[in-house]
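Residues per chain, in single letters:
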Amino acid sequence: MSSGTQVFDWTVPKEWNIRDAYVANSRGERVIDFHESNLHVLNYSIPVNQKMSLNELSSHVYTLPDHPDWIPYRTSYYNEAWGFCMQHRKFLALEEDEYEVVIDSTLEDGFLSYGEVFLPGRESEEILLTTHICHPSMCNDNLSGIAVLTALAKALSTMDCHYSYRLLFMPGTIGAITWLATNPEAVTRVRHGMVLAGLGDRGSVSYKKSRRGNAEIDRAVAQVLSSHEHQIRDFSPYGYDERQFCSPGFNLPVGRFSRSEYAQYSEYHTSADDISFVSADSLGDSFARLIEVLQVLETNWRYRNTNPYCEPQLGKRGLYNQKGSDEVQQHLRLALLWVLNLSDGDNSLLDIAERTQMPYLTILNAAETLRGAGILEIES
Amino acid sequence: MSSGTQVFDWTVPKEWNIRDAYVANSRGERVIDFHESNLHVLNYSIPVNQKMSLNELSSHVYTLPDHPDWIPYRTSYYNEAWGFCMQHRKFLALEEDEYEVVIDSTLEDGFLSYGEVFLPGRESEEILLTTHICHPSMCNDNLSGIAVLTALAKALSTMDCHYSYRLLFMPGTIGAITWLATNPEAVTRVRHGMVLAGLGDRGSVSYKKSRRGNAEIDRAVAQVLSSHEHQIRDFSPYGYDERQFCSPGFNLPVGRFSRSEYAQYSEYHTSADDISFVSADSLGDSFARLIEVLQVLETNWRYRNTNPYCEPQLGKRGLYNQKGSDEVQQHLRLALLWVLNLSDGDNSLLDIAERTQMPYLTILNAAETLRGAGILEIES
Amino acid sequence: MSSGTQVFDWTVPKEWNIRDAYVANSRGERVIDFHESNLHVLNYSIPVNQKMSLNELSSHVYTLPDHPDWIPYRTSYYNEAWGFCMQHRKFLALEEDEYEVVIDSTLEDGFLSYGEVFLPGRESEEILLTTHICHPSMCNDNLSGIAVLTALAKALSTMDCHYSYRLLFMPGTIGAITWLATNPEAVTRVRHGMVLAGLGDRGSVSYKKSRRGNAEIDRAVAQVLSSHEHQIRDFSPYGYDERQFCSPGFNLPVGRFSRSEYAQYSEYHTSADDISFVSADSLGDSFARLIEVLQVLETNWRYRNTNPYCEPQLGKRGLYNQKGSDEVQQHLRLALLWVLNLSDGDNSLLDIAERTQMPYLTILNAAETLRGAGILEIES
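Protein chains in written order, with this note's numbering: chain A, 1062 to 1441; chain B, 1062 to 1441; chain C, 1062 to 1441.
Please note: incorrect hints may appear among the correct ones.
Copies of one chain are not kept apart here, so a pair can be met inside one copy or by any two copies together.
[Claimed, not checked] The calculated DMTMM-like cross-link candidates involving lysine to aspartate or glutamate, where the alpha carbons are at most 25 angstroms apart (straight line), are:
#1 LYS1215 <-> GLU1161
#2 LYS1377 <-> GLU1141
#3 LYS1377 <-> ASP1170
#4 LYS1112 <-> GLU1090
#5 LYS1384 <-> GLU1141
Simulated from the structure, these hints should not be mistaken for laboratory data.
Bound-form chain A, shown alone (with noise of 0.2 angstroms):
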């Protein structure tokens, strides 16, 4: 999308690109270097190329003195500005001095890029799986949520699946407007959708609902994690692209899928949010989770008991006992009874779960047990 157009109430801005920059003293050392980390330069930095005295190059720097080796993240998307962001620790030692301050940096009309990856199912129904990748040198918040949504997409397109996916990698804020802005049709379709952001940390996995608050992925994730340490916030309007997403005039059913709530850990936005501040094991285990969560779209259907006057006789189709010791066996055997008691062509899988406080998998299995007895069929 070009600079310059206009997204309903925002304007594609022009495209930043950036070679060099760097802070040298009078003896040519490079004290500030962006090839050390590109999180030194304020995003969005205009081009400078002065000399200034340290006093006048303070009032350009931002530091964290409560971390003091940290290098904070910024960012000045709406007002044309430049700055460096360094260790507090080595603001201090900077000496009075006269400062080359080189930022080559260009602000000019071109692009606004997201990428989009498509993967056709059954059904022209979209889920929509989107992330942010505007800091992916970061690496919770972003690079985790591109990740994640990568090794989604490598999975998805080896599934035959009941839905359409769309998995947008784009920008904040601004990707989200954009994309919406542009795909009227593909809105529509969005049947449900998931935000991903922050899915490497070590805390423990957390939902965002939509603004419905009930919608069938508020549901589904909720049951999904039921059996994990997690904790599910209500919609509030801020926070990631949810919030364009969940506007009144789209109002679609899309929560957030992360693990720590951003903001709230002192890593976020900082050099500190390395490599070190994720884990494999998270990763996987919200790769596994979102996994889940579409199992359980992918078959949330109503089903109907075609015996519904009495019980079926479950003995007669070997269906009375199922492997397994004692009290497995009643377990799947209440499974059965319930599935069978509440597949009235109202009741979804994930209704029965909800209700029984069983686990989704158990209703599933049951259900489709019974489909290959005879007793049970998809509701049309």
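Could you slot chains B and C onto chain A? The hints should help.
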């Protein structure tokens, strides 16, 4: 109903009759004797007349190692088999020997029999009360249900009732299925119902809700039990014949009234569920609570305040001061005011009792007092 | 309204007037004197002029043994009777004597009078505010209600209001019944209402909900009180004139605003409910909370976000950064975002305040700020 008749997904089984059964040792002494306790025989055992070693016999013997003096109660309805149930202590005392094993039973085409009492009321709408009769040699489960339902039949036959009453004494599962399959018109007239079982043990009264969960019967029982120690359980598709009445094709407003939950006490389905396990007080208390529940159902109408604009003047009708202490008077006056206030034609007496948390009888008396004074009428 | 007029089920009673009343001993000394306290006479006493023994007098004397220095307040509206109320200590000091007993009262056809203030607003829909006036010589119950309603009349008369206001100063029960019976058209215009009583004691503010339980007035008061120590009670058909307004034929959205619940403090309906029992702070606090409630009612509209697709860009309208600390700014920004998010034409400001648990004024200010910026409009 003849053996072999198809009733929904089930078939009426063969009729089992038994004259004698025993195990005798080589000295001709009966070490197990059906005439001592009919629990000694696995119910539905096919005929046997054999000699065999202790080892061979053992695989057909059921005992309760944790309760060595009790005889378990076992059945084999849908697998043709034979067996004996005995005290574990006596089983351990059996010596190596050649035993004569005799079960003089027949399993042949016959009839499924059940008892039905129909008490016509002023209206054709029915209240259905049922109990199982398949193992009456155990006292709480199930002779107590038979006893209390018989007492209810007697009591109801002397009353002038709004509803018609249908009382069914049936073998569990297949009895209820047979009745449901063969009485489609009566089924449509069922307005409320309860399965009665386990009414004599010393536990507190309990109720398992119908599948609907908030049917009038569910609310009426909860209202009656609220002033007693009690337990209320949600519906589940397991237990007694509520499983059949609440199958999705029927979904009748039928709950189950019990005391201790079946299978939760160790005497359940053993010879220890004998006359000493039940108490006359518990049987009487079960009966009294059931009568109270029926009284709620029989009187739970919607009334209409014929003076709905402002309060009617109670004083000029002699209703302001009633008999009793100040506190009692205030309580009765408040009941009058609540009934007047809520009798807009939408609220039943049960609705009023629930909202005010006053006893149903207080509300009923207030309503009838006001009706007597001409300022309340039953909403037709 | 003339004595004898039929008002619904009631009749306007005779008018009671009193000039003097006393009990004098044989030495001519007044031992009870109406001119010392008008509580000394049982209200509505018929005229008396007799000599009698202490014993005979005693059966007409009301005292409070537990509070021997207080004079009780007693009435006999619907039984013709006479009596005196006095300090228990003074009663015990009365000697055997022949007493002259005089009540110079009249109970004759006359008029029921009440005060009515009507303040026309921009709309004909009315807010009804009432207080009882039947025993103003007691301070909390009921002079405080008269005082606060008078102050509200004064304040409202200077304001430009959406609603019309009707303020009624009436004797309890019969006053409200008379007004309701004779103002059928005004009744249909009542959109919200409150009965005011007991507004000066040192207890926290309290509110008794209307019969509807979730009327806008009930929610508005709960919203205002939520940031103060308070109590909210469910409706019951007992208490002050809410009994009449909430009778089923009217079912008006009228609750009661009070401080301590009547009859729950021992000074209630005694001479101890005097000026020392109320505080200026409490009266002022009651007034302030009521003004807040009216402000909610006057502004609780549904707005519509005119930019409902994605968030509007706050920054370009100067709305992103507001005055105040970071925390305050974040709070105000969140209020803007919530109002934008929920203003889909369905949610009123009160709905938004309830969902977000933000103060109503914060939400109202956010709405008006956004309306000023042209991105929100009032839903017509």
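Tested hints:
In this assembly of identical chains, LYS1215 and GLU1161 lie within 25 angstroms of each other by CA distance neither inside one copy nor across copies; the values are 47 angstroms within and 71 angstroms between. Within a single copy, LYS1377 and GLU1141 get their C-alpha atoms only as close as 77 angstroms, which misses the 25 angstroms cut-off; across copies the closest is 13 angstroms, which meets it. In this assembly of identical chains, the alpha carbons of LYS1377 and ASP1170 lie at most 25 angstroms apart only when taken from different copies (20 angstroms versus 74 angstroms within one copy). Taking the shortest Cα distances, LYS1112 and GLU1090 sit within 25 angstroms of each other inside one copy (14 angstroms), while across copies they are farther apart (106 angstroms).
Taking the shortest Cα distances, LYS1384 and GLU1141 sit within 25 angstroms of each other only across copies (22 angstroms), while inside one copy they are farther apart (69 angstroms).
When each numbered hint is compared with the structure, a violation occurs for hint 1 only.
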